[in-house]
Amino acid sequence: MERESSTPASSWLGIDEAAPFAGKKATKDAAATDAFVRRWPKVVNATLVAFIMTMPPLLILLGGGRPGAPAVWIKSTVASLAARGEPKKDVLLGGLLLPGFDEQSCVSRYQSVYYRKNMTRPPSPHLLRRLRQQEALQRRCGPGTAAYWRAAERLGSRRNGTAGDDFVATVDGCGYLVLISYRGLGNRILAITSAFLYAMLTGRVLLLDPGKTMADLFCEPFQATSWMLPGDFPLEHFRDLGEDAPESYGNVAVNRSGSVAGLRFVYAHLDHAATPANRLLYCDDHRQFLHRVQWVILRTDSYIAPGIFLNPAYKEELDMMFPNKDAVFYLLSRYLLHPTNDVWGMVTRFYHSYLKNADERLGVQIRVFDGDEPFQHILDQILACTSQEHLLPGVVVSGHGGGVAPPPIARSKAVLTTGLNSWYHDSIRDMYWRSPSATGEVVSVHQPSHELHQHFFRSTHDMKALAEMYLLSLTDKIVTSGWSTFGYVGAGLGGLTPYIMIKPENHTVPNPPCVRAMSMEPCDHGPPYFECTKKEIDKIIDTGNLVPHVRSCEDVPWGRKLADPIS
1 MERESSTPAS
11 SWLGIDEAAP
21 FAGKKATKDA
31 AATDAFVRRW
41 PKVVNATLVA
51 FIMTMPPLLI
61 LLGGGRPGAP
71 AVWIKSTVAS
81 LAARGEPKKD
91 VLLGGLLLPG
101 FDEQSCVSRY
111 QSVYYRKNMT
121 RPPSPHLLRR
131 LRQQEALQRR
141 CGPGTAAYWR
151 AAERLGSRRN
161 GTAGDDFVAT
171 VDGCGYLVLI
181 SYRGLGNRIL
191 AITSAFLYAM
201 LTGRVLLLDP
211 GKTMADLFCE
221 PFQATSWMLP
231 GDFPLEHFRD
241 LGEDAPESYG
251 NVAVNRSGSV
261 AGLRFVYAHL
271 DHAATPANRL
281 LYCDDHRQFL
291 HRVQWVILRT
301 DSYIAPGIFL
311 NPAYKEELDM
321 MFPNKDAVFY
331 LLSRYLLHPT
341 NDVWGMVTRF
351 YHSYLKNADE
361 RLGVQIRVFD
371 GDEPFQHILD
381 QILACTSQEH
391 LLPGVVVSGH
401 GGGVAPPPIA
411 RSKAVLTTGL
421 NSWYHDSIRD
431 MYWRSPSATG
441 EVVSVHQPSH
451 ELHQHFFRST
461 HDMKALAEMY
471 LLSLTDKIVT
481 SGWSTFGYVG
491 AGLGGLTPYI
501 MIKPENHTVP
511 NPPCVRAMSM
521 EPCDHGPPYF
531 ECTKKEIDKI
541 IDTGNLVPHV
551 RSCEDVPWGR
561 KLADPIS
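Residue numbering for the sequence shown follows our numbering, starting at 1 and increasing by one per position.
Hints in this document: simulated from the structure, not taken from any laboratory. Careful: at least some of the hints might be erroneous.
Straight-line alpha carbon distances no greater than 30 Å define the calculated DSSO-like cross-link-like pairs of lysine-lysine that follow [what the hints assert, rightly or not]: (1) Lys117 / Lys464; (2) Lys356 / Lys464; (3) Lys534 / Lys503; (4) Lys464 / Lys212; (5) Lys356 / Lys477; (6) Lys88 / Lys503; (7) Lys117 / Lys88; (8) Lys89 / Lys356; (9) Lys535 / Lys315; (10) Lys315 / Lys539; (11) Lys117 / Lys477; (12) Lys464 / Lys503; (13) Lys534 / Lys315; (14) Lys315 / Lys356; (15) Lys356 / Lys117; (16) Lys88 / Lys477.
Start from the sequences, fold in the hints, and give me the full structure.
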């Protein structure tokens with residue numbers, strides 16, 4: 001697939017790349033970041049960035065990177081906006097994003113705002129400050145810097161006694177969190193966003209194990225640096241680490257009494273089935289022994305944010321960063337996760353072809369855990385849920401007068417289904433093809449792909465999956481399958497509170513077939529089950545009742561999710 005032109009946006013927008021908030025000076029110190037936050041509304045109105053980014057996205061797609069194309073669509077769109085009175089959109093999402101990136105190399109970064117509703121949860125000023133600080137840290141200590149080279153050399157030296165004798169602050173002030181690429185794409189996306197939160201709280205650079213597909217999926221979120229772990233990372237076989245590793249957090253905390261002498265790194269194992277000893281990491285305040293280790297290697301297949309919110313050590317900081325507890329994934333994913341041009345092209349082409357012109361868009365995400373073959377009870381559950389929640393109209397039974405005459409201008413509803421099997425899509429589509437809807441609405445049903453089987457770490461498969469997650473996030477309402485990380489991501493990206501279909505037992509439709517989620521936050525399937533203030537790992541308690549904003553999940557009773565407290 002042909003990529004967009006790599007011409008920097010600043011070269012034809014006339015943007016000063018050395019503007020106070022667009023370069024290294026933006027995060028040189030706390031005063032600069034505070035000034036950025038205070039000046040934000042004025043800066044947006046004063047720069048050409050926000051004005052230019054109000055151009056309709058389709059014109060960018062049609063420009064094709066041809067010389068002179070930007071000037072053409074800028075001029076035509078100015079006239080178009082004036083004629084239609086079309087409102088401007090804040091492409092920088094209230095300061096969540098920074099200007100100055102090469103727009104054409106990652107079209108989705110500034111363009112996705114035109115496909116979404118306005119931000120349902122604005123970022124707090126403190127979150128913006130922390131993001132600017134993290135960006136500065138990533139640039140100062142990331143791959144390609146002298147600090148990273150020295151840290152990597154220490155990690156690969158195998159000299160005992162060095163890692164445990166120096167504080168991170170004395171080693172260039174650079175600590176690192178390496179996230180292992182693990183399990184399916186939905187799991188990886190949840191892991192990335194929550195690992196980034198942990199990196200911010202602990203002052204570490206986040207580096208992603210790229211695996212085989214990550215570079216094909218997401219643009220770099222930071223300017224002038226990379227969050228991808230370099231290919232010459234000196235720690236061999238780090239992907240093979242397990243809970244029994246001498247460097248595992250559980251082993252260090254329990255068997256070594258927190259001594260990191262002779263360890264080059266600590267391995268944090270937070271798989272959904274991790275042992276209680278390894279889940280003690282949720283309670284670590286980063287002052288016990290982790291601050292003495294420059295490298296932490298993390299493996300998780302979960303959204304670990306709810307567990308982090310249970311740690312009293314981070315309460316004050318998290319409260320300032322996220323006044324709305326149901327917006328953690330929503331804000332961090334909008335900041336971090338920008339699809340590559342190839343993926344974004346798949347999203348926009350499908351959207352314009354099948355979804356854009358509908359009066360209402362409904363997403364239905366289907367994940368079956370009992371096998372790849374279609375099941376009638378799953379279809380029955382989907383139809384029962386959409387009927388119960390008045391998301392889809394019923395149909396007129398044949399032989400009852402030929403149906404309801406549609407109004408002169410019939411309301412249209414586009415249904416986006418996603419799943420490995422096309423049978424559910426075909427069945428719903430045929431239902432509205434054979435019979436008219438009881439309300440006169442025109443219902444169309446669309447599914448981008450049907451891969452039949454889930455594949456891991458295959459580029460084309462992952463690109464399709466990511467495109468479908470983003471398409472789900474562009475709908476107005478969404479139905480998701482319980483237990484499914486794919487569904488968590490689709491709803492969370494769009495700021496949508498989903499209707500969750502409860503996982504069936506014994507091939508029987510549950511009663512009720514679905515429930516409205518308490519928040520748009522994903523569920524953590526492997527949270528801690530002990531109180532951090534006591535750390536009694538052998539005593540299981542209900543951590544869904546410890547703090548008002550961490551509660552039990554609707555679909556996974558032992559899971560935990562973030563939600564705004566009930567007033």
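Checked hints:
Distance restraint check for Lys117 and Lys464: the Cα-Cα separation of roughly 23 Å lies within the 30 Å cut-off, and the hinted pair is therefore satisfied. Proximity of Lys356 to Lys464 is assessed by CA-CA distance (about 19 Å); at most 30 Å being required, the pair is judged to hold. Taking the CA atoms of Lys534 and Lys503, the gap is about 34 Å. The hint is violated against a cut of 30 Å. Straight-line distance between C-alpha atoms of Lys464 and Lys212 comes to about 15 Å, which keeps the hinted pair within the 30 Å bound.
At most 30 Å may separate the alpha-carbon atoms for a hinted pair to count; Lys356 and Lys477 meet this at roughly 15 Å. Only pairs whose Cα atoms come within 30 Å are accepted, and Lys88 paired with Lys503 is rejected, the gap being roughly 42 Å. Restraint check: the Cα-Cα separation between Lys117 and Lys88 comes to about 13 Å, which is no more than 30 Å; the hinted pair holds. Straight-line distance between C-alpha atoms of Lys89 and Lys356 comes to about 18 Å, which keeps the hinted pair within the 30 Å bound.
With a C-alpha separation of about 17 Å, the suggested pairing of Lys535 with Lys315 holds against the 30 Å cut-off. For the suggested pair Lys315 and Lys539, the alpha carbons sit about 23 Å apart, so the restraint of at most 30 Å is met. Note on Lys117 and Lys477: the hinted pairing holds, with a Cα-Cα distance of about 12 Å set against a maximum of 30 Å. Of the pairs offered as hints, the one joining Lys464 and Lys503 holds, with about 24 Å between alpha carbons and a cut-off of 30 Å not exceeded.
Taken as a hint, the Lys534 and Lys315 pair is honoured in the structure, with Cα atoms around 17 Å apart against an allowance of 30 Å. Distance restraint check for Lys315 and Lys356: the Cα-Cα separation of roughly 42 Å exceeds the 30 Å cut-off, and the hinted pair is therefore not satisfied. This hinted pair checks out: Lys356 and Lys117 have alpha carbons roughly 13 Å apart, not beyond 30 Å. For the suggested pair Lys88 and Lys477, the alpha carbons sit about 24 Å apart, so the restraint of at most 30 Å is met.
Checked against the numbered hints given earlier, the structure breaks hints 3, 6, 14 and satisfies all the rest.
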